[in-house]
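If you read the protein sequences in the order shown, they are chains A and G. So for the first sequence, our numbering puts the first residue at 1; every next one is plus one. So for the second sequence, our numbering puts the first residue at 423; every next one is plus one.
A few of these clues could be false.
Label pairs and their calculated CB-CB ranges [as the list claims (entries may be wrong)]:
hint, chain 1, residue 1, chain 2, residue 2, range
1, G, 471, A, 291, 18 to 24 Å
2, G, 471, A, 408, 53 to 59 Å
3, G, 482, A, 264, 31 to 37 Å
4, G, 549, A, 327, 46 to 52 Å
5, G, 589, A, 149, 38 to 44 Å
6, A, 297, G, 453, 39 to 45 Å
7, G, 471, A, 89, 21 to 27 Å
From the derived model, a few chain G residues whose C-beta atoms are all more than 10 Å from chain A [claimed, not checked]:
hint, residue
8, 494
9, 516
10, 729
Part of the chain A face toward chain G, derived, beta carbon under 7 Å [to be verified]:
hint, residue
11, 20
12, 59
13, 63
14, 64
15, 69
16, 83
17, 84
18, 85
19, 87
20, 88
21, 298
22, 299
23, 300
24, 301
Hint data in this document are derived by calculation from the structure and do not stem from the laboratory. Beta carbons: idealized from backbone N, C-alpha and C, even for Gly.
So the chains spell out like this:
2 protein chains.
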Amino acid sequence: MPRLIVQKYGGSSVADADRVRRVAQRVRSSLAPDTQLVVVVSALGDTTDALLSLAHQVAHDPPGREMDMLLATGEQVSIALLAMALWDLGVPAVSLTGAQAGIHTDARHRRASIVRVDTRRIQRELARGRVVVVAGFQGRSRGETTTLGRGGSDLTAVALAHALGAERCEICSDVAGVYTADPRIVPEARKLRRIGYEEMLELAALGAQVLQRSSVAYAERHGVRIEARSTFVDEPGTIIEGSDAAVAHGRRPRPVTGLALSRHVARLAAVEIPDRPGVAAALFRVLGDEGIDVDMIVQSVGQDGKNVIAFTVDEEQGERAHRLVAPVAAGLGGRMAGPPVPMAKVSAVGMGMRGAPALAAAMFEALARAKINIEGITTSEIRISVLVAPDQADAALRALHRAFRLDEAEVDVEAEGARVPS
Amino acid sequence: MPRLIVQKYGGSSVADADRVRRVAQRVRSSLAPDTQLVVVVSALGDTTDALLSLAHQVAHDPPGREMDMLLATGEQVSIALLAMALWDLGVPAVSLTGAQAGIHTDARHRRASIVRVDTRRIQRELARGRVVVVAGFQGRSRGETTTLGRGGSDLTAVALAHALGAERCEICSDVAGVYTADPRIVPEARKLRRIGYEEMLELAALGAQVLQRSSVAYAERHGVRIEARSTFVDEPGTIIEGSDAAVAHGRRPRPVTGLALSRHVARLAAVEIPDRPGVAAALFRVLGDEGIDVDMIVQSVGQDGKNVIAFTVDEEQGERAHRLVAPVAAGLGGRMAGPPVPMAKVSAVGMGMRGAPALAAAMFEALARAKINIEGITTSEIRISVLVAPDQADAALRALHRAFRLDEAEVDVEAEGARVPS
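In isolation and in its complexed conformation, chain A is listed as follows (with noise of 0.2 Å):
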């Protein structure tokens, strides 16, 4: 049996004629005799954002299935364009939309999700010596072309490596990997060799561009292999893979893998809240009707059995916010604060930070040690986030990183030792 790799090409590899003959080239050159590519494509460069813009300069509200039909397109610009790039390679290859890959999804256009993969008429190309290029972003129900919502190619690799069983699914990007912080602010950034899924999925979460967040947790779901790494840079990427399958490999986790930088936050807190039973179901649910995202949220008591209850959204529906949150707190008894406060968002992630509770502890006294003041503090199993003001973001990534020692190479289970400073 010849092995199977599923490739993926974002966008900003393929967006303009010059480049789809690069990323030809590279496909070629990870063609072995061996070896079986199928190549999944996103739309050239911003392809996607110009047909938006054509869609809402004919209409105010594009029914979804209207949408559906016109951003399949700018995908399937690409597969034809990269298959006749290799064609010209002297590389056999045919280019497939989601319907001909065999993708079938449910019915709900702009946000469908993958249902079914029949792989037969991929094999079948596969059989005949090709590479099949697929349309990434887009299947089918019934007939009919949906789309899978924004970073869907990603989505598309990792289910054509589940249904066909493949090595790994290589998502290849400008970024050549997942890094311990963003390099561009720590310069002694590491590249990771490995990551865990449920690790990736927080920094997905907090905005890393590295991975889709739904394509993790696809890949998380039915154990495939991804390797994120750069398109036009040969080197080895980072892993993501189950944490049992990373310490397999010899490597023991460290407390924290990665440090994850969000810049635009607005910190908002309603004050002299009266401390009773659904209070903050009251101040929320007026966010989540409309469509608010609420991320951090933190109560405490204060005097006289009043609470304070601060939580964040993004920085650019501050203001909405504050003003659908404060006639509620009115109603309540109580008051904002004031007006939304701008923040950084700085989160250390880590396998190894599950009953590990001294490094809550190292994550403050490191800050300290820099004179940033902490602003609120959240958790997770597996991450820490405090709030900082925003001129002091790097700052304080910075700081980390070195605490958590990032920069050191990846730690051996044999050369185990106290990782967390004291």
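For this one, chain A is given, so just place chain G on it according to the hints.
Just chain G, lined up with the frame of chain A:
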């Protein structure tokens, strides 16, 4: 039974978002309680050329299958946008690709022929009260996307009109109909109310931009009534139908229906060619093999049993044709008379030319009166074409328009008279 009309809008009618909205308004104004509409659209403006250019940037000789995959996106964008614009005006609509619309073709990519139209999906959508917007120029062959070649959207419209038993097929463009001559050259040129298929076929072959030749032939074969009309000006266009129908409507065909002008013609002549079987075949085979279309061919016997064989090709292929034919002429013992000579071809077309021998004489006399020299002549059953010097082309067209009284209104059967200038 509601009546059904098929409308087709060309690329310049949907060149941008604003025009798509105007086409949607025009479609809405065509709706009536007893009228069902199927609308065929081409790709936006010069999209097809842009896609072709992209293809040639990534590959020297792109495979036909992948070209069709690429080109089909152009129409898919326009149908989605037009359907959105219709919904925005409160008109229920649905866009269908060629495949979804049931347009089955043979497997010849880039120049497929329609073999069958399965109208079930269209009928179902019409029964739901929707305007059905169909992608022109494309179809499917065993799950693969095919295209019909340039101008294929007209053919899609005519084929749908036939398959659906439509009352008529409106071809809407920025040309308001079929004129007795190009109004930019002959100011008194008149839009024809009716024209027969055969005449239209001759005019289309002569470069009249109104309708693609293959779609007129399809309409003639199946008796589909076409109206060529303006997209944005609300006035009757030109009806294209069988000559019998035209007579039944109380109009008698005048001898000449319209004039056409092809400016960019090159005339070549091989002289001193021996008068024996096979010499013409030898000369023209080299051109056919190289894909050069030969238009007029005139063979005349000179002195000494030697022949002159003159012919015309597109001006831009003149030099190449000369290089190909010269060695063949030499091999036959002859030579080329000189380099290719630029010419213009002026043609008169009309059903009434059948069995009207005086017409050719009238045409030559009119040109002689205008002091225009004739450099070559060919005729078909319903057409006479003459070659003239390029700088006399406009004057020739105007002289013939006057001579054949084409500026006068169409003749009723009752008011019969000698319309041929004597």
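Evaluation of the provided hints:
A hinted range of 18 to 24 Å for the beta carbons of residue 471/G and residue 291/A is inconsistent with their spacing of about 42 Å. Under the hint 53 to 59 Å, the C-beta atoms of residue 471/G and residue 408/A, about 56 Å apart, fit the expected range. With their beta carbons about 47 Å apart, residue 482/G and residue 264/A fall outside the hinted range of 31 to 37 Å. The given range of 46 to 52 Å is respected by residue 549/G and residue 327/A, whose C-beta atoms sit roughly 50 Å from each other.
For the hinted restraint 38 to 44 Å between residue 589/G and residue 149/A, the CB-CB distance of approximately 43 Å keeps it satisfied. Separation of residue 297/A from residue 453/G is about 53 Å and departs from the stated range, judged on CB atoms against 39 to 45 Å. The given range of 21 to 27 Å is respected by residue 471/G and residue 89/A, whose C-beta atoms sit roughly 25 Å from each other. Listed as a non-interface residue, residue 494/G fails to keep its Cβ farther than 10 Å from every Cβ of chain A; the least gap is roughly 7 Å.
For residue 516/G, the condition that its CB be more than 10 Å from all CB atoms of chain A is violated, with the nearest at approximately 7 Å. Interface exclusion of residue 729/G from chain A stands, the closest Cβ pair being 47 Å apart, more than 10 Å. Hint status for residue 20/A relative to chain G: holds, with the closest Cβ pair at about 5 Å, below 7 Å. Because the beta carbon of residue 59/A sits about 4 Å from the nearest beta carbon in chain G, less than 7 Å, this interface hint is met.
The beta carbon of residue 63/A is positioned within 7 Å of a beta carbon in chain G (closest approach about 6 Å), and the interface hint is therefore held. Hint on residue 64/A is violated. Least Cβ distance to chain G is approximately 11 Å, over the 7 Å limit. This hint holds: residue 69/A has a C-beta 4 Å from the nearest C-beta of chain G, less than the 7 Å allowed. Interface hint at residue 83/A: satisfied, since its Cβ lies 5 Å from the closest Cβ of chain G, which is below the 7 Å cut-off.
Hint status for residue 84/A relative to chain G: holds, with the closest Cβ pair at about 4 Å, below 7 Å. This hint holds: residue 85/A has a C-beta 4 Å from the nearest C-beta of chain G, less than the 7 Å allowed. Residue-level restraint check for residue 87/A holds (minimum Cβ-Cβ distance to chain G is 6 Å; threshold 7 Å). Annotation: interface hint on residue 88/A holds; nearest CB of chain G at approximately 4 Å, less than 7 Å.
The interface hint given for residue 298/A is violated, since its Cβ lies 44 Å from the closest Cβ of chain G, which is over the 7 Å cut-off. Interface restraint check for residue 299/A: the shortest CB-CB distance to chain G comes to about 45 Å, outside 7 Å, so the restraint is violated. For residue 300/A, the suggested interface contact is broken, since its CB lies about 50 Å from the closest CB of chain G, more than 7 Å. Below 7 Å, beta-carbon pairs count as interface contacts, and residue 301/A has none with chain G, the closest being about 53 Å; its hint is therefore violated.
Hint compliance for this structure: hints 1, 3, 6, 8, 9, 14, 21, 22, 23 and 24 are broken, all remaining hints hold.
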